[in-house]
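Undergrad: Sequence:
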Amino acid sequence: TGQVFDSKNTTYVAMGVYPRLYENRKDRAEGKKTIGFAMSNNEVKEPGEFISDDFVKHGFTKEYVGRFSAIIEMKELTDEIFIDILRNSKNSAYRQYRSMLDYFYNVELEITEAGERSIVEQARKYNTGARGLHRCISKILEKVETEFMLKDIECKKVIIDENNEIRME
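Be aware that the sequence shown starts at 4, since it is given in our numbering, and climbs by one per residue.
Calculated from the structure, these hints are not laboratory results. Predicted model only: the values in this text are computed from it and were never measured. A virtual CB, placed ideally from N, CA and C, is assigned to each residue, including glycine.
Within a straight-line C-alpha distance of at most 20 Å, the following computed SDA-like cross-link-like pairs (lysine to any residue) qualify:
#: 1; residue 1: Lys-128; residue 2: Leu-24
#: 2; residue 1: Lys-65; residue 2: Ser-10
#: 3; residue 1: Lys-60; residue 2: Asp-30
#: 4; residue 1: Lys-146; residue 2: Ser-95
#: 5; residue 1: Lys-159; residue 2: Tyr-106
#: 6; residue 1: Lys-160; residue 2: Ala-96
#: 7; residue 1: Lys-146; residue 2: Tyr-106
#: 8; residue 1: Lys-11; residue 2: Thr-64
#: 9; residue 1: Lys-160; residue 2: Met-171
#: 10; residue 1: Lys-65; residue 2: Tyr-15
#: 11; residue 1: Lys-128; residue 2: Glu-116
#: 12; residue 1: Lys-128; residue 2: Lys-142
#: 13; residue 1: Lys-142; residue 2: Arg-98
#: 14; residue 1: Lys-65; residue 2: Tyr-25
Computed beta-carbon distance windows for the label pairs:
#: 15; residue 1: Thr-149; residue 2: Ser-72; range: 42 to 50 Å
#: 16; residue 1: Lys-142; residue 2: Asp-105; range: 14 to 22 Å
#: 17; residue 1: Ala-32; residue 2: Ile-75; range: 16 to 24 Å
#: 18; residue 1: Tyr-106; residue 2: Ala-32; range: 51 to 59 Å
#: 19; residue 1: Lys-142; residue 2: Val-20; range: 14 to 22 Å
Could you put together the complete structure from these sequences and hints?
TA: Written as structure tokens, this is what we have:
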């Protein structure tokens, strides 16, 4: 049989992005009962605390949610914070792709201010917080990377501009 783990002196910490929780809290506040995936497109953030039932309705098990003694709601990221993460985060996709293009192809990667705003706008649509930045940049540069690997491109700089358009100079 399996080993037994005594969890009485264990602290559980978890975090994530769960946008449907706001709908669960709103439905609870309004006394609505829904079946299945009844959701509206406009995300309304009502004041009030999240309760365990909001998470259970979202799909977590009661046993799992019961392990958390505190539920803390984080504030939504502003565009300025997204841009700061994009530019300065130690593990940002921008830094990773900039290093990779420089190392393998001796090419500089630049994102203009309009490009940064465009990436942030697209990342918000994914509704996954700062993780959307990585997904967005990867999606944009996937074509560039493929072209460098398959073709002999003469280029010293790749620029991501407004509307996620790519220029090669």
